[in-house]
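S.K.: Please model the entire structure based on the sequences and the hints provided.
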Amino acid sequence: MAGTDTMDTMLDILLVWLLVGAAMATVMTPRILWSVIGLAVTSAVLTILMFRFDSPLAAVFELSVCAGLIPAIFISTISLTQRLSPEGMAERRREKWRRFGLLPVLVILVGVALMQVHIPLDFVAPPAAKETDVRNVLWHVRHIDLVGQIAILLGGAWGVVVLLKERKRAA
Amino acid sequence: MLSLLILVPLAGLLLLNLPFTPAMKRTAWAFAFTVALAQVAMVLVAPAAAWSQQGFLAQYFSFGLEAKDLTRVLLLAIGIVMATTLMVGRSMITDDRQQFNFVNLLLVSIIGMNGVVLVTDLFSLYVFLEVTSVSSFILIAFNRDLGGLEGAFKYLILSAVATVLMLTGVALLMLVAGGTSFETVAAAMKTSGGITISQMAVGAFVCGLFIKGGLVPFHGWLPDAYSSAPAPVSILLAGIVTKVSGIYALVRLATSVFPASGAMNEVLMVVGAASIIVGALAALGQHDLKRMLAYSSISQMGYIVLGLGCGTPLGIVGAVFHLFNHAIFKTLLFVNSAAIEQRTGTTDMNRMGGLGSRMPVTGVTSTIAALSTAGVPPLAGFWSKLIIVIALWQAHDYGFAGIAVLMSVVTLAYLLLMQRRIFFGKTSPEHAGVREAAAGVVVPELVLAALTVAVGLLFPWVLNTFMLPVGGIFH
Amino acid sequence: MLAVFVPTLGAFVLPLMASAPRLRNALAFVFVLAALVGSLALVPTVLSGRTVDVRLNLPLGLNFVLHADGLAVFMAIVSSLLSTIIVLFSTGYIRHYDYQNEYYLMVVLFLGAMMGLVYAGNLILLYVFWEITAIASWRLIGFFREKQHVIRADKAFLVTVFGALAMLLGFVGVYVQTGSFDLEAIRTTLKAAPLGTLAVVLILAGILSKSATLPFHTWLPDAGVAPSPVTALLHAAVLVKIGVYVFARLFIVTFTITPECHTAILWVAAASALVSAGAAMIDTDLKRIIAYSTVSQIAFIFLGLASGTVIGIAGGLLYILMHGIAKGGLFLCAGIVEQNTHTKDIRQLGGLLKTMPITAIAFLFCALSVMGVPPFGGFFSKYMVLSGAVESGQWWIALVFVVGAFMTIVYLLRLFNMIFLGDLKKEAKEGSPVMVACVAVLAVLALVSGILISPSAEFARTAVQQMLGTGQ
Amino acid sequence: MNESILLIPVLLPLIAGLAVLAIRGPVRLAREVVTLVVMLANLGLAIYLFGQDLTFVHPWAGVWGGIAMEMALRVYQFSGFILLAVAGFSLLVALYSWKFMADRSYGNQYYGYMLISVAMVNGAVMADHLVVLLFFWEGLLLTLMGMIAIGTKDAWKTAIKAFIIVGVTDVCLMMGIALTGWLAHTLRMSEIAAHPLSLAGLGSVAMIFMTIGAISKAGSMPFHSWIPDAAIDAPLPFMAFLPASLEKLLGIYLLGRITLNLFALTTESWVSTLLMIIGAVTILLAVAMALVQKDYKRLLSYHAISQVGYMILGIGTALPVGIIGGLFHMINHAMYKSCLFLSGGAVEKQAGTTDLARLGGLASKMPITFTCFIVAAAAISGVPPFNGFFSKELVYDGALERHWIFYAAALLGSFLTAASFLKLGHAAYLGKRDPANEGVKEAPMAMLLPMIVIAAGCVLFGVYNPLPLHYLIQPILGEHRLEGHDFAGLPANWMLVAATVLVLAAALVNHLVGVKRSGSGLGAADHIHHAPVLSTIYDWAARRFFDPYDIGMAIVRGLSLFLWGIDRFIDWIYDSFIVTLTTGLGWTVRLAHTGNYSLYIVWSLVGAAAIIAFLMRIL
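Order-wise, the sequence lines are chains A, B, C and D.
Quick note on my numbering: the first sequence kicks off at 1 and runs consecutively.
Quick note on my numbering: the second sequence kicks off at 1 and runs consecutively.
Quick note on my numbering: the third sequence kicks off at 1 and runs consecutively.
Quick note on my numbering: the fourth sequence kicks off at 1 and runs consecutively.
No wet-lab data here; the hints were simulated from the structure.
None of these values were measured; they are calculated from a predicted model.
Do not rely on the hints blindly, as some may be mistaken.
Claimed, not checked - Listed below are the simulated DSS-like cross-link pairs for lysine-lysine, each with C-alpha atoms no more than 25 Å apart in a straight line:
1) K441(D) / K425(C)
2) K157(D) / K354(C)
3) K153(D) / K354(C)
4) K425(C) / K157(D)
5) K429(C) / K153(D)
6) K157(D) / K344(C)
What the hints assert, rightly or not - Covered stretches of chain C, as calculated for chain B (at least 3 residues, CB under 8 Å):
7) 147-155
8) 164-172
Unchecked claim - Cβ-to-Cβ under 10 Å is the rule here; a few derived chain D residues that face chain B:
9) G425
10) H470
11) G565
12) F569
13) Y600
14) A608
Quick reminder that beta carbons are idealized off the backbone N, C-alpha and C, glycines included.
M.R.: Pasting the structure below:
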């Protein structure tokens, strides 16, 4: 049994590293297309991780969000952006490299540092509440959060209206 | 009754936008204004009974809302600042389409802020923080000019960092306490408050709040966001948003939820002192009015946190009182800057001069606000700073008390500098024709100035009715 | 408590009457007069040894207490008397400058705050009025809107606020040590243990900054740029006296402080007297010289009060009265001279005796009173202060002050002959009748206060007895 | 006869003075008449009061720590005597100035100040309370300055100088009085006199301060420099009135009170030797300066200073003989000095100038003035039959008893005095007449009368000297101090008399040699003037090096420059140092806000990590 445990944790660690690598890729690639793909990969890996940590509902949510999000961005990047000229691309690559060159080194360093910190898990987790089903909690117990989420949605809507909508040329 | 504070704006939002009839548009501003004024009236007038949770809605929705005296003070502040922002917004934003959007966004942010103040659950606290942040991002970038976008972007990025920290905090607390409502967490903290995990969680959550509150190590976004935002928005931001999202949550959690540990107080004191010093010194060197006021509000935030950090009930009272006062006179200062911007079109102090004779009301009110910020006696700022200093001295933190007092001299210095550059001296030619600001701006100026002076003079009454019960949290 | 409330509240009514200047001047004068009458009304009660109290308890020990005893009424009369004269003078002086409403508002507010401070029975109330006077003086110094003046006004304001904040810290220290802000309560509790040196030093810093003694004195000469009735009001009659009054009120009546603090105060006062006397000798600006001389005379008053002997304290009190009258006169004369000759540099002035005889004689009378030449009031106070210093054992410090007295005589005479004697360089006609009348009144007052010394001496004696609570 | 009569000598002249000052307008005679009447009344009152012992006490400025401040006046034989002398002289000078001031413009101010100063002197003399003494003493300051200022057009410079010198020393007197009051725990002189203070420690310091006040009023060496300048600028009757008589009387009166009543001055205490040194130095230096003067009035003023030296030397000896000699010299000096000044005035009025070079041969023109001058000059040089001789003998006796060096100095002093007066007499009155003052006629009767009276007084006090000694001066010391011997009559020690006569003869010879060598009366002293060592000293003196006033002012200016430096430094700290400090700090802080958000993120992360680590470790 111990073997499978180590195998599982190894797999999880691998997935986490993959997640971090994809995230870095989205930031560092000069081409927008590649960054969108990187985004898709990150959310996919995240969903897998959630399934592995046996919280199916959260994973499903993540999947639906990612499903909705990625195609929208995908289409917009393809339709709205045009290809950069070669020297434009080179210049962008240089500029990207200058800003984020050190990022991987930094991430590794932080990772190593966090390894040293030993956090004793010396506490007894309290018994889980009886119906812990997400649906029930969300709908019956936490109404206030619903209101919050609706507000965020409306806020987002106005954000789009204000920021992205073409202004008619002010007189 | 409490839930109305959140539901009414939400319902308003929905109603205003559904039918798309032009008639509704005009009433939008009026509706928002009545909501804000109703909130103020509710706090001042409403009988104690209204504050309890029961109401016909109770049986349908289980809103874990409750309002102690601390929240009443905050609600009052939110109401006042919201009303001012609306009035200034109405006179500054001429295009009615824009104005409609502006009002809607304000309604969203009022929901968020009321939520933060009223909620009793850690996670919903986070949710409503997000609501306010979203509406603030958009508001900062309202004019879609380069500065606005850049400021919003910075705020967005740093709020993201804050979110990460807060969520880890909530997750860990969930792990330790099993639930996220204040009571369960408080109970858990009493028993297993000392273990590393809970300390880490508390630390993470508090740092998230520090970022939101714009205190020194985390204040990077604040000057850019404030100075590049359009005038009415910077009034809202400076007046109440950072206070509610950053400081109020800190006060609420430090007093009732998290364990009162010496280390936490130490952290608060150090962060507070650092932000006072850095804020004041940075403000000294500025030549852009709004950036200077931004740094000055960082410095004043530092005072509040310093008051909080000394842990005694008097310290809490001082902190909350200063929070309320600061909301008033900082808004007044930003309204003044809005008035100047409206008339002279610039906030660069070097190009201003001698506006005192041109814009007398703005001049007088800004002097009152400046003196109150610096803590000159007859005005409100003095009393709150005095209580903080007394609390610090009683807690034998002479060093911090010394810093607090000395820095108020520097505060006075840069505010006098501002006064001299803008209002005294000879009028620069380009502003020769400047007349007094529009009515929409002058009225809030007068109201706020009157409020500052009133709180200053009627200090004893204010202290008894509002503040001392806040100190009661502990007994 | 008429004395306190009428001017302070009245101050805010004034700007409303901006339209009718004549009415406004009259009203300002009435308010200041009300303060004077209010304090005079208290004299009989105080002389009979009783004290008057108005108390309104508030939370946190910050209660609103007004307390009138010998010292308070004495100071109130001194400052309100001089302010009435100065307000009268300024009606003539300010007529041809703008911002007059603000000027009158601030002057009357200043006096109201001064009255409040004198009668304050609670440390925080005292501090509040202290700061109001700082604001009023800031606005008044910055009256002429030129850049240089406003910078000077800011500097003065910052230095006084710095001192005031240090004092506030000291008050909080006292509050923590004695548990209350009320002077009476503090007085009883402090009888046992003397006050902590940190609190003493902080409070002293505040007092020194307000009374412009050595380390913090530079703002006083710089504030000479203000309109001359203001400098007269500020320097000579009232503002610096507040510092001295609070010193008397706190360090003599309420606190008991360790002996080395006493000697430290004396040495600071001695140093301040000498430095400012030296500076007065060299400076060439008319008002700066008189300001420096105020700084050195204030050091004399400190000497009297800190000497701890009955005669010294009484001397200090009398000195406040005499110096107020004489220095007020000097400044008003300087105002007239400056207004007519449009220059403050004494090198360009000369021979004004022939063209401005009355002002010259008034100037001479006031200068003689400051020097302490007998028939004038200054003589008695200087003698009593000196014998107080001698009696308190530190006769070395008395020696330093004798040197100070020498220099006072020398620089005042230098000033007199540079302006009024010698050959006429600038043509100047006599000041307007109102202004000259005021100056003449002050000069006569200086002379009369010398000759009829017994009433004021008697008043000072009862005040000192009350302060020390001894039956000497 | 109630005591309030004491107030009259003070109030009467004061009110009259103010009245005279108030009288504007043409009524010229009114001023002189009022002054004369008041002076006469004053003299009558003085005569009446002489010999009485009255005390008048009236509470004045409250009781401070047991020491009462009340107006206490007291007349007893010493103050009575001075009162009488003052009244006499002021009457004579008033009479004299009737004519002298006739054509002067500031007439009424002059008379007003004169009356007020008489009142002040009366007050000071009668004062029994130290503060009252100080009150009247410094009151004189004003009238002194006033009278000098109304002299010539730019006389105010000397007035200011005089005011500063006398003012400064008066503050020393105030300090001395404060110290004495504290030591004796009472300010009433009569109470202190009961048991004079010992000179240990603070006592001597107090005495030094009081003596500074006294001798500066009397016009001795360190504080004398205003008198010669005043001689030229001030109106002449003023010189006769104040510096010559009144101030000397008052100064030495106080010195006498200090040594006799307030402090137990003993021969071996260093204070008395100090006094004698001051006296000797004053005698020598002043008379040396007098010798070379070219102006009638300046020469007389230097002599006035040198004679004070004799009085201080006399009192300084602390021996009965010395003190009596000093006091006797005081009254004699007052008489012949004022007579000399009056003669100078007469010459100036008639001949229009006091410059010796342009005077000459006036004896025949102004016989009476000349005779009075001869009498007074003889008296001052100590020629035997006159009063000066007797008082100098007593002083010599006291000085010799203490130490021969003082006696030698005194003797040399009188030698030079005699020489200078011979020179003056020769240059002014004998010699060939200058054509310019042909038409000079005798001075009017009103000016001559006072001179004649005083000259007669000199002779009287000289020939019949027991009168002044027995009735006026010796009672002051009282029986126990006199140890029985009576100083009246001819001087006891013959050897001293011989030495004096020898000295006078030497002065005559020196004068004749001088005249033969330089050909004119004026040049009589030139050979001394141009002697090798002396000439350099004289040049320095001419360039005012030795003038203590200038030295003092230089010191004060230097000190204040230094202090002004301190002030500027403190000012610099406020103006530039703190401002640059704060802006510097502000600038460094702004440096950190570069504005790129990645830096901000790094900050906030580092901050968060630090806080969490801090919390966890503390656990």
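S.K.: K157(D) and K354(C) were given as a pair; does the straight-line alpha-carbon distance stay at or below 25 Å?
M.R.: At roughly 16 Å apart (the allowed maximum being 25 Å), K354(C) and K157(D) satisfy the hint.
S.K.: Min Cβ distance, G425(D) to chain B: is it shorter than 10 Å?
M.R.: Violated - the Cβ of G425(D) stays beyond 10 Å from chain B, reaching only about 77 Å at its closest.
S.K.: Holds or violated: are the alpha carbons of K157(D) and K344(C) at most 25 Å from each other?
M.R.: Distance of about 23 Å is within 25 Å: holds.
S.K.: Holds or violated: the segment 164-172 of chain C covered by chain B, criterion of 3 or more residues with Cβ-Cβ distance under 8 Å?
M.R.: holds (count 5)
S.K.: Given the hinted pair K441(D) and K425(C), is their Cα-Cα distance within 25 Å?
M.R.: At roughly 44 Å apart (the allowed maximum being 25 Å), K425(C) and K441(D) break the hint.
S.K.: Do the alpha carbons of K429(C) and K153(D) lie within 25 Å of each other, as the hint requires?
M.R.: holds (22 Å)
S.K.: Quick check on A608(D) please, does its C-beta sit within 10 Å of some C-beta on chain B?
M.R.: holds (4 Å)
S.K.: Once the shortest beta carbon distance from F569(D) to chain B is found, is it less than 10 Å?
M.R.: Check failed: Cβ of F569(D) comes no nearer than 22 Å to chain B, outside 10 Å.
S.K.: Does Y600(D) pass the interface check with chain B, least Cβ-Cβ distance below 10 Å?
M.R.: holds (3 Å)
S.K.: For the segment 147-155 of chain C, do three or more residues have a beta carbon lying closer than 8 Å to a beta carbon of chain B?
M.R.: Per the Cβ count (4), the hint holds.
S.K.: Holds or violated: is there a CB of chain B closer than 10 Å to the CB of G565(D)?
M.R.: violated (28 Å)
S.K.: Is the hinted pair K425(C) and K157(D) satisfied, with a Cα-Cα distance of at most 25 Å?
M.R.: Roughly 17 Å between the alpha carbons, so the hint for K425(C) and K157(D) holds.
Comparing the model with each numbered hint stated earlier shows that hints 1, 9, 10, 11, 12 do not hold.
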